[in-house]
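*Asks:* Below, each chain spelled out in residue letters.
Protein chains: 2
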Amino acid sequence: MLRTHTCGELNIQSAGQEVILTGWVQRIRDKGGLVWIDLRDRYGITQLMMEEGTSDPAVIETAKELGREFVIQTKGLVIERVSKNLKIPTGEIEIKVSEIKVLNKSKLPPFTIEDNTDGGEELRMKYRYLDLRRTPVRRNLELRHRMAIETRIYLDKQKFIEIETPVLIKSTPEGARDFVVPSRMNPGEFYALPQSPQTFKQLLMVAGYDRYYQIVKCFRDEDLRADRQPEFTQIDCEMAFVEQNDILNTFEGLTKYLFSRIKEVDFADPFPRMSYADAMKQYGSDKPDIRFGMKFEELDDLGKGRDFKVFDDAGLVVGICVPGCADYTRKQLDELTEFVKKPQLGAKGLVYIRFNLDGTIKSSVDKFFNETELKSWAERFNAQPGDLILVLAGDINLTRKALNELRLEMGGRLGLRKPDTYAPLWVVDFPLLEWDQDTARFYAMHHPFTSPKPEDIHLLAGSPGEVRANAYDLVINGVEIGGGSIRIHDKELQKNMFSILGFTDEQAQAQFGFLMNAFEFGAPPHGGLAFGFDRFCALFGGSDSIRDYIAFPKNNSGRDVMIDSPAIISDEQLKELNLKVTFEPAKK
Amino acid sequence: MLRTHTCGELNIQSAGQEVILTGWVQRIRDKGGLVWIDLRDRYGITQLMMEEGTSDPAVIETAKELGREFVIQTKGLVIERVSKNLKIPTGEIEIKVSEIKVLNKSKLPPFTIEDNTDGGEELRMKYRYLDLRRTPVRRNLELRHRMAIETRIYLDKQKFIEIETPVLIKSTPEGARDFVVPSRMNPGEFYALPQSPQTFKQLLMVAGYDRYYQIVKCFRDEDLRADRQPEFTQIDCEMAFVEQNDILNTFEGLTKYLFSRIKEVDFADPFPRMSYADAMKQYGSDKPDIRFGMKFEELDDLGKGRDFKVFDDAGLVVGICVPGCADYTRKQLDELTEFVKKPQLGAKGLVYIRFNLDGTIKSSVDKFFNETELKSWAERFNAQPGDLILVLAGDINLTRKALNELRLEMGGRLGLRKPDTYAPLWVVDFPLLEWDQDTARFYAMHHPFTSPKPEDIHLLAGSPGEVRANAYDLVINGVEIGGGSIRIHDKELQKNMFSILGFTDEQAQAQFGFLMNAFEFGAPPHGGLAFGFDRFCALFGGSDSIRDYIAFPKNNSGRDVMIDSPAIISDEQLKELNLKVTFEPAKK
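Chains as they are written, first to last, in our numbering: chain F, 1451 to 2038; chain Z, 1451 to 2038.
Watch out, some of these pointers could steer you wrong.
[Claimed, not checked] Only part of the chain F face toward chain Z is listed, based on derived beta-carbon distances under 10 angstroms:
#1 Glu1614
#2 Thr1649
#3 Asp1750
#4 Leu2024
#5 Thr2032
#6 Pro2035
[Stated by the list, open to error] Lysine-lysine pairs mimicking BS3-like chemistry, simulated, CA-CA at most 27 angstroms apart:
#7 F:Lys1555 <-> Z:Lys1945
#8 F:Lys1551 <-> Z:Lys1609
#9 Z:Lys1868 <-> Z:Lys1713
#10 F:Lys1555 <-> Z:Lys1903
#11 F:Lys1525 <-> Z:Lys1903
#12 F:Lys1817 <-> F:Lys1792
#13 F:Lys1607 <-> Z:Lys1607
#14 Z:Lys1754 <-> Z:Lys1825
#15 Z:Lys1817 <-> Z:Lys1792
#16 F:Lys1609 <-> Z:Lys1667
#17 F:Lys2030 <-> Z:Lys2030
#18 Z:Lys1868 <-> F:Lys2030
[Said to hold, decoys possible] Okay, the calculated bits of chain F under chain Z, using three or more residues with CB under 8 angstroms as the criterion:
#19 1553 to 1559
#20 1923 to 1932
Keep in mind the hints are simulated off the structure, nothing from the lab.
Source: prediction; values computed, not measured.
Beta carbons: idealized from backbone N, C-alpha and C, even for Gly.
Working from the sequences, and respecting the hints, build out all of it.
*Replies:* This is the structure we're talking about:
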């Protein structure tokens, strides 16, 4: 090894030792007779010092010629510092340097390698290898490693076995777009990259593996939003001979273990469980943030029939009670109105009722409702003097969606979404299908392999939209961390599902015949769950962006700006693959 | 859970317990008044029994209607068996069944789910989910899981962190063919799937991560041999601030740990190390099987100049001494001659010298060499009476290659390649470059990022073929398990390497500019190693075929015959990707 110690491990007990360190020059301070260098590596920072008169002049000379991010190897004596820095583990000592060797020089980095850098996103991505040197980024990747290995250790103890499923599979038209891979050896044919190992893990259940997991890359060729990546990682799990409850308990166990080991947060109680229907009704979202209350109250009975057309024509009148905000100014209320009216939310307007501290009530709908009526609203919310009630009305789904956003906004403004508080929640009983207006057909809400609740199967023929599924999501602080379902393991039911989803028998057989055939050879009852690993890491790390937890992320156009990929390939490659590019780039 | 216990955990201590088991019907025996069922799951087999008179007749009826591979749930009492089977952990007990529920039926499987199945390769691959039920296949995947998690635990303790590198990267023309992935969002451009995370792990070293690993899928679009897969798995590792010795020691540590934990084989001594030059000279191979001796001895000085034209014209006269085979018959010797003359080996013939037990010497070249001369040959090999000396002559490389195969053949015949003996070996000091006659250029023997030995750098300009690299392989029992090198970390040297490899500056910059640029910002000395994980598992499992250790392997045409992939994709998909397939399938 080129070093005897790392830059993070020497302390006052090491004083008197001669050591060799390697690392990057973080900072040089030259105070006339004294030169200090902060030497950095993955493990920390150690201060080097040289002193005119007692240090070798050649060494001081070398030190003065160093630049930021030079890589050096240095030898010296660990001594106690005069002026200690108790904020860092190595802060009580420094190295009295006797030798310095430059292992590699560095040009001046395009941005500062500091916790708060002066580099913008684009620049940091282009020089990601420098961005990765910054402590906050390194901590994110270390957290990710920790979460992965702890997950594996836990699941291994629970007798799960990690099995690698193939990356080169077959394209299926259901769901998101696949990335495809042309096969040279099978001309005109393509592999696809998996959106998830779904069918393979089900086959592993048919094969009797009974507890499978895999931390695995998945791929989706979607138009990217800020928080999506074309390749992402799942903790993918499946179990046989289980019911829904067993799966929830097992992965609640994993989640608690990770919280305890990594965040030192212990949950004494079971995670609460809420039906999809209740989540939509009470929070307007299938991933409610339950770190705070402000639950929805429906006001149809109180609001309608008072000649207020906005309410009378609405599919739903619904509101929240915001504690202590009765004193919101007109300007603040206008802001909130603009907030719900923005195109993404699309509410028509916002009704407010101030339940003033003096007990009086003042609303934006005083013309239509008298104080007694408004008091009954306040009672519905169990509002206290000083609270502000905000009400939306309109189409049921849109109104719930908008009020959900308003609730989150108000929770944020009031500091109720505390970063160090974690409120996990199982959302269960999702609908099996959702109707798509554009294509006039049902789509599987989870995926086509999800089983309907046995008690709802009779609805499949007549009212498929009402069938509930054995499907569940794990939601933490309003973020969907994982989701899964009990699967269909009966060939006929699976065929029926494909038919409801608009597949002909031939299409179903061509795409998923291998799975349905497998169901005929003793398929056990089974189900599973997948965690979005990038998001799980972001939640633990306290960030909204999964990109911060990926070593080499792509940008919103799916480009890696560091290696400049994707890129054109040679005509020879195209020819070998029997492909022609039909796109004509615009002349520059 | 649908069960209280697995089929592998009940024993005599469990007698008297009421239990619920689930699993697959392995076998039914109906002996008039008694019915036995072997119930199988991943954990073992438990015997169920029913008895006319004491068991519920309805249950017996159900049992008699079961078929092989039916999935059942059964309830019953654990009782001590009358006739015990001490070969299996559950062999002292059976379950007196009170209830049976069929969870799923099964058609008759196309082959028997037994250790020795009647199913051929093709059929087993098509129904891989049934093949995976067989105990030997399950044990292989369990071994693979065990090796992966133990590897991670070991490397984690050594402060390695696992970092995921991207799967969608950029195509590079050097080395094997890339699989490519058309980008819809970047029309006309392609990602490539990584042949290894080489450049990314080097960038992680530049980024200061100093100890990286990843168990990672890699991809190579090669014409497949029996033992290659288009997607395969590596244990990919890299370290900074190290010299070659540090890497060998670290991964020797990992290898010893795995042997100890998984195979209960402990190596007291360091693994031997041998230069590439010595390996070629003494074994004719860069991956010698050193479980046995039979080292090459060169005989140019003794064999040439005796008017034996075959020897006189040869680039090399070289032989091995096969212990105790002097009594080989003419027929056996003819067989060996045919063996070395087969086209893959291409030797012109085989010379033998029998050192008979009575001390006489008899050879196929008695015409050219007298007994004294042949005795000096025997002395060269330190041959004992009863030994057989086999000699080949011809072009150096071809002769070494053929003699290597002959040595392995003889080792096999004499039972010297013992499956339970493990002989690891580091082969070091590989040549940096190899000359390719066809394209008349040098290729990197390892890859273009491998550093030359400092003491050989002066040869780069004049005699590049003589330059040795800081490159090494881990060979166990003649199988290459891993390999790596100390990398170049200096931009100028890397540029020079690309130029020797025939890249123009522009090509080098376009393909690898990001890496060479990174070297300008403080790149530390670094190096690494990658294990072929599939092969490592096969070695531990005692198999020659990596396919046995992959859950869903592809066949020699790169096809997954179970899911029937690759396959054609829709015109719509092609259009979105701006692609046209130029291949016209032959009309059927």
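*Asks:* If any of the earlier hints don't hold here, list their numbers in rising order.
*Replies:* 3, 18 and 20
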